[in-house]
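Protein chains: 2
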Amino acid sequence: MADLHIVVDRAAGGVAAQIARELREAVRRGRLAAGARLPASRELARDLGLSRGVVVEAYEQLVAEGFLISRIGAGTTVAPAASRPAPFDGPSPTPPGRPRAKARTPRAQESVRGEESGRGPYRERRSTAPDLGAFPRQRWLASMRRTLATLPAEALNYGDLGGVPALREELAAYLGRVRAADVSPDNLVIVGGVAQGVSLTVQALAGRLPRAGSPHDLGWFVRRAANPVPPPGRIRLAVEDPAGARQLPLLHAAGADLVAVPVDGEGVDVGALAATGARAVLLTPAHQYPTGVVLSPRRRAELIEWAVATGAAILEDDYDAEFRFDRDPVGCLQGLAADRVILIGSVSKSLAPGLRLGWVAAPPEIAGSLRLARGELDLGSPVLEQYVLADFITTGDYDRHLRRMRREYRARRDAFTLALGEHLPEITVWGVSAGLHLLAELPRDWDEVAVAETAQEYGLAAEPVGPMRYAPGPPALVMGFARLPVHRADAMVGALADALRR
Amino acid sequence: MADLHIVVDRAAGGVAAQIARELREAVRRGRLAAGARLPASRELARDLGLSRGVVVEAYEQLVAEGFLISRIGAGTTVAPAASRPAPFDGPSPTPPGRPRAKARTPRAQESVRGEESGRGPYRERRSTAPDLGAFPRQRWLASMRRTLATLPAEALNYGDLGGVPALREELAAYLGRVRAADVSPDNLVIVGGVAQGVSLTVQALAGRLPRAGSPHDLGWFVRRAANPVPPPGRIRLAVEDPAGARQLPLLHAAGADLVAVPVDGEGVDVGALAATGARAVLLTPAHQYPTGVVLSPRRRAELIEWAVATGAAILEDDYDAEFRFDRDPVGCLQGLAADRVILIGSVSKSLAPGLRLGWVAAPPEIAGSLRLARGELDLGSPVLEQYVLADFITTGDYDRHLRRMRREYRARRDAFTLALGEHLPEITVWGVSAGLHLLAELPRDWDEVAVAETAQEYGLAAEPVGPMRYAPGPPALVMGFARLPVHRADAMVGALADALRR
Numbered sequence: 000m001a002d003l004h005i006v007v008d009r010a011a012g013g014v015a016a017q018i019a020r021e022l023r024e025a026v027r028r029g030r031l032a033a034g035a036r037l038p039a040s041r042e043l044a045r046d047l048g049l050s051r052g053v054v055v056e057a058y059e060q061l062v063a064e065g066f067l068i069s070r071i072g073a074g075t076t077v078a079p080a081a082s083r084p085a086p087f088d089g090p091s092p093t094p095p096g097r098p099r100a101k102a103r104t105p106r107a108q109e110s111v112r113g114e115e116s117g118r119g120p121y122r123e124r125r126s127t128a129p130d131l132g133a134f135p136r137q138r139w140l141a142s143m144r145r146t147l148a149t150l151p152a153e154a155l156n157y158g159d160l161g162g163v164p165a166l167r168e169e170l171a172a173y174l175g176r177v178r179a180a181d182v183s184p185d186n187l188v189i190v191g192g193v194a195q196g197v198s199l200t201v202q203a204l205a206g207r208l209p210r211a212g213s214p215h216d217l218g219w220f221v222r223r224a225a226n227p228v229p230p231p232g233r234i235r236l237a238v239e240d241p242a243g244a245r246q247l248p249l250l251h252a253a254g255a256d257l258v259a260v261p262v263d264g265e266g267v268d269v270g271a272l273a274a275t276g277a278r279a280v281l282l283t284p285a286h287q288y289p290t291g292v293v294l295s296p297r298r299r300a301e302l303i304e305w306a307v308a309t310g311a312a313i314l315e316d317d318y319d320a321e322f323r324f325d326r327d328p329v330g331c332l333q334g335l336a337a338d339r340v341i342l343i344g345s346v347s348k349s350l351a352p353g354l355r356l357g358w359v360a361a362p363p364e365i366a367g368s369l370r371l372a373r374g375e376l377d378l379g380s381p382v383l384e385q386y387v388l389a390d391f392i393t394t395g396d397y398d399r400h401l402r403r404m405r406r407e408y409r410a411r412r413d414a415f416t417l418a419l420g421e422h423l424p425e426i427t428v429w430g431v432s433a434g435l436h437l438l439a440e441l442p443r444d445w446d447e448v449a450v451a452e453t454a455q456e457y458g459l460a461a462e463p464v465g466p467m468r469y470a471p472g473p474p475a476l477v478m479g480f481a482r483l484p485v486h487r488a489d490a491m492v493g494a495l496a497d498a499l500r501r
Numbered sequence: 000m001a002d003l004h005i006v007v008d009r010a011a012g013g014v015a016a017q018i019a020r021e022l023r024e025a026v027r028r029g030r031l032a033a034g035a036r037l038p039a040s041r042e043l044a045r046d047l048g049l050s051r052g053v054v055v056e057a058y059e060q061l062v063a064e065g066f067l068i069s070r071i072g073a074g075t076t077v078a079p080a081a082s083r084p085a086p087f088d089g090p091s092p093t094p095p096g097r098p099r100a101k102a103r104t105p106r107a108q109e110s111v112r113g114e115e116s117g118r119g120p121y122r123e124r125r126s127t128a129p130d131l132g133a134f135p136r137q138r139w140l141a142s143m144r145r146t147l148a149t150l151p152a153e154a155l156n157y158g159d160l161g162g163v164p165a166l167r168e169e170l171a172a173y174l175g176r177v178r179a180a181d182v183s184p185d186n187l188v189i190v191g192g193v194a195q196g197v198s199l200t201v202q203a204l205a206g207r208l209p210r211a212g213s214p215h216d217l218g219w220f221v222r223r224a225a226n227p228v229p230p231p232g233r234i235r236l237a238v239e240d241p242a243g244a245r246q247l248p249l250l251h252a253a254g255a256d257l258v259a260v261p262v263d264g265e266g267v268d269v270g271a272l273a274a275t276g277a278r279a280v281l282l283t284p285a286h287q288y289p290t291g292v293v294l295s296p297r298r299r300a301e302l303i304e305w306a307v308a309t310g311a312a313i314l315e316d317d318y319d320a321e322f323r324f325d326r327d328p329v330g331c332l333q334g335l336a337a338d339r340v341i342l343i344g345s346v347s348k349s350l351a352p353g354l355r356l357g358w359v360a361a362p363p364e365i366a367g368s369l370r371l372a373r374g375e376l377d378l379g380s381p382v383l384e385q386y387v388l389a390d391f392i393t394t395g396d397y398d399r400h401l402r403r404m405r406r407e408y409r410a411r412r413d414a415f416t417l418a419l420g421e422h423l424p425e426i427t428v429w430g431v432s433a434g435l436h437l438l439a440e441l442p443r444d445w446d447e448v449a450v451a452e453t454a455q456e457y458g459l460a461a462e463p464v465g466p467m468r469y470a471p472g473p474p475a476l477v478m479g480f481a482r483l484p485v486h487r488a489d490a491m492v493g494a495l496a497d498a499l500r501r
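As you go down the protein sequences, you meet chains A and B in turn.
Numbering that gives the first Met the number 0 puts the first residue of the first sequence at 0, with every later residue one more than the last.
Numbering that gives the first Met the number 0 puts the first residue of the second sequence at 0, with every later residue one more than the last.
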């Protein structure tokens with residue numbers, strides 16, 4: 000039985016979260032080894048002088064995140080993959096031929112749908128956009144005023160290529176606190192949104208980014224031009240099936256040759272992933288796009304095992320993580336295995352996409368490559384808005400804004416799903432525990448493109464899932480509710496239902 | 000003799016500039032053909048009811064920009080290269096074997112200096128940084144306040160990949176007015192500074208950027224992964240010798256194989272450029288870095304001729320263009336041949352590098368590629384500061400700030416050059432007619448690295464020119480004066496002189 004030293008500050012509130020944090024750290028730092036058995040919740044509660052429910056809540060949180068495993072009759076133990084260090088580059092010593100979670104035939108190479116849809120660029124209104132009318136303009140301006148009043152002049156020069164240190168400090172603390180990430184300011188790189196973060200990370204994994212700086216010397220470069228330059232590398236990258244389709248050209252341009260791995264009700268199928276031979280996988284564990292599935296504890300453990308055994312990298316797009324409605328947010332995968340997972344996030348859903356502010360938390364050698372790459376691409380992100388975001392987090396305005404939006408989005412989700420159930424009972428709704436969209440599965444004989452167009456005509460954000468699939472699936476729509484006023488949800492869905500029945 | 004219809008508004012002031020603008024448009028639109036002879040300044044002045052000096056000033060401006068040619072005894076004629084349309088891709092019908100401006104032996108491929116200096120990244124304090132203490136914080140904040148008070152919510156979504164239209168409108172007008180550029184909002188692309196603008200343009204010329212969008216469709220990309228991807232192209236790019244060394248890794252990473260072309264007192268040597276077989280050249284015509292030379296009218300004409308004849312592209316880094324001290328700014332090269340020149344500029348010198356705001360004016364197919372590329376890299380630049388800059392230009396705050404800084408920098412230049420002449424007469428000073436730096440040529444037996452270090456110790460911004468050279472040259476320093484207070488210049492340079500003599 001593990002000997003636990005847990006310090007709880009009752010006055011500070013959030014006692015279950017405090018216990019979870021202490022346990023998580025104990026696992027990470029090796030004080031709780033893989034396989035170690037935890038005290039029964041009743042015992043630990045008695046030792047700490049707390050109610051049992053608080054300890055159960057902490058254990059459940061860590062089971063959901065993949066740190067602990069709970070089996071009926073066997074108690075609660077530390078998950079095997081939760082505290083294993085491994086070198087990032089190249090396969091680890093563990094041979095890859097270990098048993099697979101669930102063997103599956105790889106998907107046929109021919110898609111049933113063959114059409115090539117030439118859809119518009121990113122600026123089209125997406126079904127997953129946040130409510131931009133709620134952007135906290137006054138508080139943002141107040142942060143800008145404070146920033147401009149206090150910033151030293153030199154801070155307006157070319158910035159640190161990895162991002163403004165003040166922002167990295169704030170974000171590292173924030174991601175540790177809210178996302179249970181295992182991040183220090185030094186392995187955070189500020190980027191221009193998730194898109195740039197994903198592009199640069201794939202380029203790093205494909206061997207396209209610098210690992211050391213070149214001399215700044217004209218003679219050196221002129222002489223170098225006489226020698227042939229090796230072509231940039233490519234990497235076999237697995238993506239979820241279905242997956243967001245707009246990012247695909249970006250992945251290809253960054254050097255990724257894509258292979259699709261099916262997503263089921265627990266998230267990505269790790270057995271199928273292992274069978275692809277991919278060296279990296281791009282995932283949306285917090286709220287899969289487009290299915291809305293939250294990655295299960297079992298799959299989390301399997302994924303980390305796969306990555307450790309094969310030396311592969313997991314790119315965690317922390318999509319929609321801020322908006323978990325029915326329980327505490329599940330910690331990110333990166334917190335389980337900081338040496339194998341690259342966490343990529345942004346303020347595009349929490350504040351506004353137009354800010355183009357995001358971050359990458361990566362192992363040191365990848366973070367270093369990203370910083371060097373910014374020096375050969377764009378000399379880093381604009382600095383003023385980085386200082387403003389740091390101030391916005393420090394003052395607590397960011398937390399307050401997120402709490403307000405979480406309440407608001409939950410109310411909109413409730414109104415929307417209620418109206419769908421009322422007016423369109425033929426539709427099966429998936430993925431509503433988090434995020435700003437849901438998956439609406441249509442009856443087999445409905446045409447998803449036609450239904451999406453009708454929904455758009457009636458003011459509802461909807462996109463057909465077809466182009467997001469590799470393997471065929473039932474007709475379905477991604478539907479966003481972030482901009483749907485609660486008091487209009489019933490009327491709008493009712494009008495759509497009437498139109499569809501005509 | 001050309002028949003000129005020139006309309007002048009005496010009440011508006013700046014009559015010489017008005018005449019220059021009318022003549023420039025006449026040449027561009029073909030109303031004044033290549034070789035056409037202009038009326039003598041005395042005649043035109045009489046026709047317009049103006050003093051002759053005003054017409055002479057307008058003619059001189061256009062000669063400096065390369066639109067007109069003036070020969071003693073032969074009057075003033077329209078330059079042969081000034082109004083010739085040509086397709087951008089591939090060589091034009093003109094055979095490349097025409098006479099060259101000045102034949103020269105290409106430089107030997109071995110540099111005398113062989114050392115590889117591993118200097119720090121961009122964030123080091125550069126000798127050419129502007130005075131960041133003069134950043135107009137209050138007015139910038141006022142523009143931000145107006146922007147946040149009036150912006151529609153949807154404007155906070157993913158922006159136009161080419162940049163906020165309001166900013167492109169303002170900038171196109173500004174660049175036409177101040178830089179005599181031939182730009183419309185549609186062929187302007189907002190980028191994160193000159194570095195990103197240069198990187199993307201080189202990638203476009205090397206054939207690395209998309210020319211058409213890919214379908215957003217998972218099946219399409221998975222099937223595509225089965226086919227080999229051709230390696231990205233490279234391009235032979237000429238750079239000036241000497242040239243700014245910090246940008247060299249960026250150029251190489253973008254696909255450029257570099258060749259160096261000497262710069263003399265008139266700017267880049269076009270004969271030597273032609274001999275390299277380069278398909279593109281990167282230039283700083285307004286104030287060459289590091290020599291400070293302003294490209295001569297003759298060289299401008301030769302450059303355009305070379306580009307038209309060979310189908311090559313000219314990348315014009317509009318470096319330091321805002322700060323011309325002793326006369327009106329010379330219009331940009333791009334205004335002479337908008338189909339062959341790509342103009343790249345930013346607010347890094349005029350406001351602050353930390354804003355990371357710049358632009359590229361390019362022919363439509365290149366501008367289109369840049370927009371598509373942003374969709375596959377970072378989804379465009381942050382939008383808020385784009386709106387702020389648009390407001391800043393609209394209100395006239397940008398012009399006012401530039402006028403104030405031009406006066407201030409001229410005073411600092413005067414104080415600095417006076418002090419150098421007084422205390423260090425051994426040093427020959429070059430390139431002081433514009434910009435924020437000068438070139439200080441040292442006596443042959445001085446060690447530029449040691450002198451630069453001493454100058455830095457005494458608070459003067461100085462960098463050795465060695466790493467910026469391919470062909471050997473005399474020891475020299477780039478010295479910046481933008482941050483040098485007028486009242487301290489004499490004491491600081493005096494202290495440096497004392498230290499050097501010890």
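Bear in mind the hints are in silico, worked out from the structure with no lab data behind them.
It is possible that part of the hints are untrue.
Which bits of chain A does chain B cover? Going by a derived footprint, with three or more residues having C-beta under 8 Å, they are [said to hold, decoys possible]:
| # | region |
| --- | --- |
| 1 | 148 to 157 |
| 2 | 168 to 180 |
| 3 | 239 to 250 |
Positions of the beta carbon are idealized from the N, C-alpha and C atoms, including for glycine.
Item to complete: Of all the hints given earlier, name the ones this structure violates by number, lowest first.
Response: Violated: hint 2 alone.
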